[in-house]
Amino acid sequence: MDKHNFVTIANLTREKILYMIEMAQEFEKHPNRELLKGKVVATLFFEPSTRTRLSFETAANRLGARVIGFADPKVTSGTKGETLKDTILMVSNYADVIVMRHYIEGAAQYASEVAPVPIVNAGDGAHQHPSQCMLDLYSIYKTQGTLDNLNIYMVGDLKYGRTVHSLLMAMRHFNPTFHFVAPKELAMPKEYKLYCDEHGIKYQEHTAFNEKVIADADILYMTRVQKERFSDLMEYERVKNVYVLNNDLLKSAKPNMKILHPLPRVNEIAYEVDDNPHAYYIQQAGNGLFAREAIFCDVLGITLDEVKNDKTIIL
Amino acid sequence: MNKKEMLVAAIKNGTVIDHIPSDKTYQVAQLLELQNLSTQVTIGYNLLSKKLGKKGIIKVEDKFFTDEEISRLSVVAPNIVLNIIKDFEVVEKKQVITPDEIHGIVRCNNPKCITNNEPMSTYFHVTDGILTCHYCEKEQDINKVELV
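Residue numbers (my numbering), protein chains in the order written: chain A, 1 to 315; chain C, 1001 to 1148.
Please keep in mind that the hints were generated in silico from the structure rather than gathered at the bench. Any given hint could be a false lead.
[Stated by the list, open to error] Every beta carbon over 10 Å from chain C, so not counted as near; a handful from chain A, in silico:
1. H30
2. K39
3. S49
4. G64
5. T79
6. K85
7. Y236
8. V239
9. D274
[To be verified] The list that follows gives simulated cross-link-like pairs (lysine-lysine, DSSO-like), each with its CA atoms no further than 30 Å apart:
10. A/K227 <-> C/K1112
11. A/K227 <-> C/K1138
12. A/K308 <-> A/K142
13. C/K1112 <-> A/K190
As the structure is a computational prediction, the values presented were derived from the model and not from experiment. Don't be surprised by glycine CBs; every beta carbon is placed ideally from N, CA and C.
All chains should be built: construct the whole structure from the sequences, respecting the hints.
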């Protein structure tokens, strides 16, 4: 069997995405199992990310695996000048699967080429964060009952936000209509609009963010507008409060509409929205557990059938 | 062959690389690793050319380049012609074919790419004159690349 990796979302087929979602559904029904009993999962975080690491480690623990790894790159030999390849090969001696987060772009792809064990990309710089994308897809499917023909509104930093770029690419199989709502400085980059054109994906761009603009949304995907992204601080001051979601803006929203956010949020979603029935970002993060349990099983060669007929479920 | 081009002697067997943009002459020599050859090599540049204004020519005795070697030149001089000479006659003209993949040769222009942070070879996919890094997926124009 070829070694499975989970490095990028870009090359997943429609069937594979739906397969992974179905597997995540199984884990949502029964998250606690012993499918990975006897396995060792390594979590190598060359860049700190507490949220993602805890989610992966919880997924591994709930499947019965044991976890080794580091959360702080300062403790590794990388600081002594060891190459990534050496670190990965060394850890491959110990673990059955490696989850890695790195600040260098393409690091996970390279690791997957040199490692004898499966590599799961938990984020490589500004490049990819495919497990986040998987949980976004699962959240959309779960709240809408489908991934097909949805109106998806992306709001905030569409220039640097890798989660919106990954979601855009993954949704190409499902005939979405995108609406990009962003200040000019943080507009969706040309390469992604070209990508939409090439794949026949419909999109509209807006700079205004108001009740009317988002009334048609099925999914409102909010992102953080970060001060450090602006070359012109006057521009930041002008737009920083424009892309803030509050209850007033949600008055005309469709009943099925859900608000997603990759978190952490700062001020782009007012706290009053947390109790609004459209809010979904906290549950979304929780879905990360099920999506990551599915990712672990998939890279370790455990099929959907085996998950469905699993005798190791702990009730 | 007219007298102007005969500034250097004709070769009996080997390859004459013609129509090199003058300023790319040394890059072509580098990509073909001519410094490692032991046969006679003549490098000329700033030669007058009707097509290019100024051009470079490289004549290499007793050396016939493989298609892989020739395809390397696509990143600096895609329009050059390689004349294959046997017994003073041009027996074949070869053009540079841009490959689908380029290994090594070109540097990724993303400083945060793994290929610039790890002792490893670069790897690009080529479509319509655009190089896409296999690792970080940043794109660059084939005419604006920096060699490794």
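Hint numbers contradicted by this structure: Of the numbered hints given earlier, the structure breaks just one, which is hint 6.
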